[in-house]
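Protein chains in written order, with my numbering: chain L, 1 to 426; chain W, 1001 to 1426.
Treat the hints as calculated values from the structure; they're not laboratory data.
Some clues are possibly wrong.
In silico SDA-like pairs for lysine to any residue, Cα to Cα no more than 25 Å straight-line [as the list claims (entries may be wrong)]:
hint	chain 1	residue 1	chain 2	residue 2
1	W	1148	L	2
2	L	332	W	1026
3	L	4	W	1287
4	L	119	W	1033
5	W	1148	L	25
6	W	1119	L	322
7	W	1332	L	322
8	L	332	W	1004
9	L	148	W	1054
10	W	1004	L	321
11	L	151	W	1022
12	L	148	W	1069
13	L	119	W	1001
14	L	332	W	1035
15	L	332	W	1322
16	W	1151	L	27
17	W	1148	L	27
18	L	151	W	1019
19	W	1332	L	38
20	L	332	W	1037
21	W	1004	L	287
22	W	1148	L	54
23	W	1332	L	119
24	L	332	W	1038
25	W	1151	L	23
26	W	1148	L	320
27	L	151	W	1274
28	W	1148	L	11
29	W	1369	W	1322
30	L	148	W	1141
31	L	119	W	1029
32	L	151	W	1026
33	L	148	W	1026
34	W	1148	L	321
35	W	1148	L	332
36	L	148	W	1029
Partial selection, computed: residues in chain W whose CB lies under 10 Å from chain L [stated by the list, open to error]:
hint	residue
37	1017
38	1136
39	1286
40	1291
We put the CB at the ideal spot given by N, CA and C, even for glycine.
Chain by chain, the residues:
Number of protein chains: 2
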Amino acid sequence: MTVKIGLVGTGTVGGGCLEILANHAEDFRVDYGVDIQLAGVCSRKPDKAREYGVEHLFTTDYRDLVNNPDIDVIIELIGGTGIAVDVIKESMAAGKHVVTANKAVMATRGEEMFALCRKHGVQLFFGASVGGGIPIIGPMRHSLIANKVSKIMGIVNGTTNFMLTRMNADGLSYEAALKEAQDLGYAEADPTADVDGFDAAAKIAILASLAFHTEVRMDDVYTEGIRHLAPFDFALAHDMGYAVKLVAHANLVDDGVFVRVHPTMLPLDHQMASVNGVFNAIYVVGDSVGQTMFFGEGAGAGPAASAVMGDVVELARRLGMGIPCIAGSPVKRDLSIVDMDELETKYYIRFQCADVPGSLAACAAEFAKAGVSVKSVSGSTKRGDVDLVFVTHTAKEADIRTAIKGCLALDGMVIGGFPVVIRVEE
Amino acid sequence: MTVKIGLVGTGTVGGGCLEILANHAEDFRVDYGVDIQLAGVCSRKPDKAREYGVEHLFTTDYRDLVNNPDIDVIIELIGGTGIAVDVIKESMAAGKHVVTANKAVMATRGEEMFALCRKHGVQLFFGASVGGGIPIIGPMRHSLIANKVSKIMGIVNGTTNFMLTRMNADGLSYEAALKEAQDLGYAEADPTADVDGFDAAAKIAILASLAFHTEVRMDDVYTEGIRHLAPFDFALAHDMGYAVKLVAHANLVDDGVFVRVHPTMLPLDHQMASVNGVFNAIYVVGDSVGQTMFFGEGAGAGPAASAVMGDVVELARRLGMGIPCIAGSPVKRDLSIVDMDELETKYYIRFQCADVPGSLAACAAEFAKAGVSVKSVSGSTKRGDVDLVFVTHTAKEADIRTAIKGCLALDGMVIGGFPVVIRVEE
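Generate coordinates for the entire structure from the input sequences, incorporating the hints supplied.
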């Protein structure tokens, strides 16, 4: 089976795809009986096309690829929800299958894209949209389908995991960790998407949609980032027996689905607690399979291109077997998104207080008033003012907010503004 | 799409499959559009069929299922290479697709089974043959196919991993750990297949065949078990910065393929070092994806049935789409199996010696004679006689054997017989 592909976008991942094709086109013929041929490359700049000796296939207009009747599959690697959407839609309308790494499109307009798949009888593969090279979309759509999945936890943003690892292991401040991540090319000049949790939110929306067969969009995800964390929090967490990670959660509950991204304390002996540096991991609990975890590199040219080209080869194999459209939508149910106020878990809450008598007692009274059962509270003056740390028993998010609001209203006591909140996973 | 299945074997895994079907048949209809109907159950005893209210479908003769024209898929869960082979072969000959958890058949007669698939135009799924419920066969056959896989390491036997965890964490002897595993139902009365590494050997043969696209049989796997390990070895390893695990290895090298199962020291910060208890993990390195790891429960009713029924639902979906035989054989290349003598790695070797002067020097001289560069050697009398522990720099297996032979021939020095050998993975 000969399958001609058009590559749109030659950044990091696009370059990785050209690399794989240069190295392994012959292996794909031998091992899988598919002849993957590059028939067009679109980008703003011809550098990569030149580097891989395919400048004769180069164009700056993606429509040249969409309108090329020889091309069977378009690989969309522009990213974002701007022109990438046009590329995907026009490719499908032209009867071409699409492979994309675009988490933004899948997490905001996934259902619309699947509807277009069905309309035009084409397939849409998006294995690279979550977890880089880690096979997670595939197992969720295939190997694990006999399970009712009840819970997903993902360390799905390598940039923040690198920063948290440095803050934890080497006591770096948030600012220093961010600077280092930027210097190493892990973080963008504007790091918002990573450090505020939006990248992770898009990814958990995609995973939750697949796992629970319902539409979950990025906007449905309650999202907190890591800007407020200090090395001090990691030290305290460690003493309590926990690691602090930015975790994307999806939980199936009676009322619907919880989807949330926030700093989370994980027990030190949890398999995910030792996932460090830029590595990613996705932990999935199913009713039959029990606990599973998928670990690997969540970003970078090689891993992401591994997922993209894996999809391309798989698609080519299926085309070779004359398989009709099977992408379809994972959405068969219409579950509601449960409000974050309903969450029940344990909490670590650190206020910065003025060093005045009675602040601990006054804050503790606010927790009591809100009906939150406190497991421990301790004050530390290590860092100048008082760090007042509450650790609660299982409590309701709404009650925690009431307690925090009460504390913030105490006259002249809490001086650091909104406290550091880390939810505790058992 | 309605797909009728016949279940042969109602032990632990078969019971798990009946459980999943009882709980999730409706979910499969809603989420995947497939109507999986049980049309026959074969076993020696009707207990499970009675338990799940399907005794009207019960038979003790598998031929009743093979000859039932209504049945589309046979699930073979007898195990072993006896009657299970007849069930698989006769099912295929009758035009039925087969889903099996049978590692023994896949690791010894896999190619023969694939040839029958092609001959009869049916499919063969075997996702449960390695790693229980951990999705590993699927990713190897799909998500990771754009990679050249160079290395696999697997903790693929839960029984021995449980025992090693107890020996390491709680200082249990091999005998005590085995007794506990037997009492808990993790180990058989005859534990040979687990503790001598044969179960792991079958599994790595299957993974290596998939990864390297070549035929690797269980007999090709160099196999050592864990009978000779003592808690003392774990303590020493820990001091050196390593955990001791029974690891199944597959490596692609210039000359071919290394496949081996033996106790292995893994650096404590390696993601696999913290895989404890009955959990399994498979670590895969590909040229694009880099390091990945798949973690989960490697055995038990739920996990294994998750893999079996995942295959069944996947197969049903494909049949619903009119997809022809695509199982085929992963074998497209004819790589040679490299002799273990050629292995180059670091070694931990512990001799039990009589407490006589000069034993350390005499043994060290044998290592020197064999051309093995020793990193450290230390003697301990903690356990009575002298434990003489050599740690080598990278050396060739053949030279190590020469050195050991030399030591064993020293008059009256080594009294404990063949030493404990643990290969060290960096």
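We went through each hint and held it up to the structure:
With a C-alpha separation of about 21 Å, the suggested pair residue 1148/W and residue 2/L falls inside the 25 Å cut-off, and the hint holds. Of the pairs offered as hints, the one joining residue 332/L and residue 1026/W holds, with about 12 Å between alpha carbons and a cut-off of 25 Å not exceeded. For the suggested pair residue 4/L and residue 1287/W, the alpha carbons sit about 23 Å apart, so the restraint of at most 25 Å is met. A hinted pair counts as satisfied when its Cα atoms are at most 25 Å apart, and residue 119/L with residue 1033/W qualifies at roughly 19 Å.
Restraint check: the Cα-Cα separation between residue 1148/W and residue 25/L comes to about 11 Å, which is no more than 25 Å; the hinted pair holds. A distance of roughly 19 Å separates the Cα atoms of residue 1119/W and residue 322/L; the hinted pair therefore holds under the 25 Å criterion. Taken as a hint, the residue 1332/W and residue 322/L pair is honoured in the structure, with Cα atoms around 22 Å apart against an allowance of 25 Å. Restraint check: the Cα-Cα separation between residue 332/L and residue 1004/W comes to about 23 Å, which is no more than 25 Å; the hinted pair holds.
As the CA atoms of residue 148/L and residue 1054/W are separated by approximately 23 Å, the hinted pair is consistent with the 25 Å bound. Restraint check: the Cα-Cα separation between residue 1004/W and residue 321/L comes to about 24 Å, which is no more than 25 Å; the hinted pair holds. Taking the CA atoms of residue 151/L and residue 1022/W, the gap is about 22 Å. The hint holds against a cut of 25 Å. Note on residue 148/L and residue 1069/W: the hinted pairing is violated, with a Cα-Cα distance of about 31 Å set against a maximum of 25 Å.
In summary, the hint linking residue 119/L to residue 1001/W is supported, as the alpha carbons are separated by about 21 Å, within the 25 Å threshold. The straight-line distance between the Cα atoms of residue 332/L and residue 1035/W is roughly 15 Å, inside the 25 Å bound, and the hint therefore holds. For the proposed pair residue 332/L and residue 1322/W, the alpha carbon gap of about 22 Å is at most 25 Å, so the pair holds. A hinted pair counts as satisfied when its Cα atoms are at most 25 Å apart, and residue 1151/W with residue 27/L qualifies at roughly 17 Å.
At roughly 9 Å between alpha-carbon atoms, residue 1148/W and residue 27/L fall within 25 Å of each other, so this suggested pair holds. Between residue 151/L and residue 1019/W the CA atoms are separated by roughly 20 Å; this keeps the pair inside 25 Å, and the hint holds. With a C-alpha separation of about 24 Å, the suggested pairing of residue 1332/W with residue 38/L holds against the 25 Å cut-off. For the suggested pair residue 332/L and residue 1037/W, the alpha carbons sit about 21 Å apart, so the restraint of at most 25 Å is met.
With a C-alpha separation of about 23 Å, the suggested pair residue 1004/W and residue 287/L falls inside the 25 Å cut-off, and the hint holds. Taking the CA atoms of residue 1148/W and residue 54/L, the gap is about 23 Å. The hint holds against a cut of 25 Å. A C-alpha spacing of about 37 Å is found between residue 1332/W and residue 119/L, which places the hinted pair above 25 Å, so the restraint is violated. For a cut-off of 25 Å, the pair hint linking residue 332/L to residue 1038/W stands: about 24 Å separates their Cα positions.
Of the pairs offered as hints, the one joining residue 1151/W and residue 23/L holds, with about 18 Å between alpha carbons and a cut-off of 25 Å not exceeded. This hinted pair checks out: residue 1148/W and residue 320/L have alpha carbons roughly 22 Å apart, not beyond 25 Å. Taking the CA atoms of residue 151/L and residue 1274/W, the gap is about 22 Å. The hint holds against a cut of 25 Å. With a C-alpha separation of about 23 Å, the suggested pair residue 1148/W and residue 11/L falls inside the 25 Å cut-off, and the hint holds.
Taking the CA atoms of residue 1369/W and residue 1322/W, the gap is near 66 Å; set against the 25 Å cutoff, the hint is violated. Taking the CA atoms of residue 148/L and residue 1141/W, the gap is near 23 Å; set against the 25 Å cutoff, the hint holds. The hinted pair formed by residue 119/L and residue 1029/W meets the criterion: a straight-line CA distance of about 22 Å does not exceed 25 Å. Our distance criterion of 25 Å between C-alpha atoms is met by residue 151/L and residue 1026/W, whose separation comes to about 21 Å.
Pair hint residue 148/L plus residue 1026/W holds up; C-alpha atoms about 12 Å apart against a cutoff of 25 Å. Under the criterion of a C-alpha separation no larger than 25 Å, the hint pairing residue 1148/W with residue 321/L is consistent with the structure, at around 23 Å. For the proposed pair residue 1148/W and residue 332/L, the alpha carbon gap of about 36 Å is over 25 Å, so the pair is violated. Using a Cα cut-off of 25 Å, the hinted pair residue 148/L and residue 1029/W holds, with the two alpha carbons roughly 13 Å apart.
At about 9 Å, the closest approach between the beta carbon of residue 1017/W and any beta carbon in chain L falls short of 10 Å, and the interface hint on this residue holds. Among the interface hints, the one on residue 1136/W holds; its C-beta lies about 8 Å from the nearest C-beta in chain L, closer than the 10 Å criterion. With 10 Å as the threshold, the beta carbon of residue 1286/W comes within range of chain L, its nearest partner Cβ sitting at about 6 Å, so the hint holds. For the restraint placing residue 1291/W at the interface with chain L, the shortest Cβ-Cβ distance is roughly 6 Å, inside the 10 Å limit, so the hint holds.
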